[in-house]
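These protein sequences, in sequence, are chains A and B.
Mapping of the first sequence onto the numbering used here: position 277 corresponds to residue 277, and the numbering continues sequentially without gaps.
Each number in the numbering used here corresponds to the 1-based position in the second sequence with 1000 added.
To be clear, the hints were calculated from the coordinates, so they are not data collected in a lab.
One or more of the hints may lead you astray.
Straight-line distance between alpha carbons at most 27 Å, and here's what the computed DSS-like set of lysine-lysine pairs gives [said to hold, decoys possible]:
{"#": "1", "chain 1": "B", "residue 1": "Lys1108", "chain 2": "B", "residue 2": "Lys1028"}
{"#": "2", "chain 1": "B", "residue 1": "Lys1027", "chain 2": "A", "residue 2": "Lys63"}
{"#": "3", "chain 1": "A", "residue 1": "Lys200", "chain 2": "A", "residue 2": "Lys140"}
{"#": "4", "chain 1": "A", "residue 1": "Lys63", "chain 2": "B", "residue 2": "Lys1108"}
{"#": "5", "chain 1": "A", "residue 1": "Lys63", "chain 2": "B", "residue 2": "Lys1028"}
{"#": "6", "chain 1": "B", "residue 1": "Lys1027", "chain 2": "B", "residue 2": "Lys1108"}
{"#": "7", "chain 1": "A", "residue 1": "Lys102", "chain 2": "A", "residue 2": "Lys200"}
The primary structure of each chain is shown beneath.
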Amino acid sequence: MCSVCGCAEGETRIEGVDHHQGHHHHHEHEQPHLHFGQGAARAHVPGLTQQRMVQIEQDILGKNDRYAQQNREEFARRSLFALNLVSSPGSGKTSLLTRTLKELKERFPVAVIEGDQQTSNDADRIRETGAQAVQINTGKGCHLDAHMVGHALEQLDALRGGVLFIENVGNLVCPAAFDLGEAHKVAILSVTEGEDKPIKYPDMFHAADLLLLNKVDLLPHLNFDVEACIDYARRVKPDIQVIQVSAQTGEGMQEWLEWLLAGRSGLIHQRLQELEQEAQALQTLL
Amino acid sequence: MHEMSIAEGVIQLLEEQALAQQFSRVKKLWLEVGPLASVDTASLQFCFEAVSRHTLAEAAVLEIIETPGLAWCLGCETQVGIRQRFDACPDCGSYQLQVIQGDELRVKELEVD
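Based on the sequences and whatever the hints tell you, model everything.
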């Protein structure tokens, strides 16, 4: 078991670092790709033998939430606007992302943490845009957790003041339950899916702050009711924002980029304010 | 599907507690699970049985306490019961509900040796 963070080796693999000694993380590619795991530590502890009741009242996801908090502090320290992109497989996340990266990378640093069960195909597509990418392969895992993201973040140690996209495993169920420390979850739903996806998978759409309705260029060929879809999304999340986009034609991209820019400047303003307060507090010590 | 990770999380939590509270076996445990916790309780039972093998919780009985879902209706300004995220207010039919309770997922109590 890893002595630094307690992670056990297993199915998960992240590109890049060998992590800590004693770990079976290994280099598969030139590009960062880490491998680490999950699974219970097998510690048996000698203790009292008499039967008794123990009240613990502990959140099962508490451990993930603690890692998420560490990530959140790291994002703040580096003034990084981090987004957790969630969707079903085939919603066009990666295409939307490559187009977005091309627009943003001249303005400020951008990077991507890519989650997939297997392959580094998506990270390779991202790198073609010139942006930095770290692939996490979850093996049998169906979602990214905050611990994996924390290690992937170590691979992006020079990244400051920009936008970090975390492309989660294509799955509309499990990633909803795992906070990664992101500023927002962004759900991507393509119009080739059903308009009732938000109520079929309510947990995910409830967890998201923004819904990107993708592939809207295909609407003329489909019986997809946009209004109904938005109505369903607002049933599970009354204040969800919706932007209709097409990664193919560029429709709606401007609105999406403006949302990103506003979020990023908001975060930097907040960081600036905190640092100014801290500086003022230090002044008074002189 | 993520019930497997959750079951593993339970075992990790039990192992941490075993160190802190000095016990070596868990015979029975009570979990509080809300209807909005994104957890299928039957699947969780199955996964727990699988991952608890060869651990301090092998053959432990897993009791699941299903907590009620509650939301605040912005229209009625009152608290209402819900089963799902997209439920309408049972009184006014509005979907303007803010969830107050129902996403619990916690280990409440243990019977240990």
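Results of checking the hints against the structure:
1. Simply put, Lys1108 of chain B and Lys1028 of chain B have alpha-carbon atoms about 11 Å apart, close enough for the 27 Å limit, and the pair holds.
2. For a cut-off of 27 Å, the pair hint linking Lys1027 of chain B to Lys63 of chain A stands: about 23 Å separates their Cα positions.
3. At roughly 24 Å between alpha-carbon atoms, Lys200 of chain A and Lys140 of chain A fall within 27 Å of each other, so this suggested pair holds.
4. At most 27 Å may separate the alpha-carbon atoms for a hinted pair to count; Lys63 of chain A and Lys1108 of chain B meet this at roughly 16 Å.
5. Restraint check for Lys63 of chain A and Lys1028 of chain B: the C-alpha separation of about 22 Å stays at or below 27 Å, so the hint holds.
6. Taking the CA atoms of Lys1027 of chain B and Lys1108 of chain B, the gap is about 14 Å. The hint holds against a cut of 27 Å.
7. Taking the CA atoms of Lys102 of chain A and Lys200 of chain A, the gap is about 33 Å. The hint is violated against a cut of 27 Å.
In this structure, only the earlier hint numbered 7 is contradicted, and the remaining ones agree with it.
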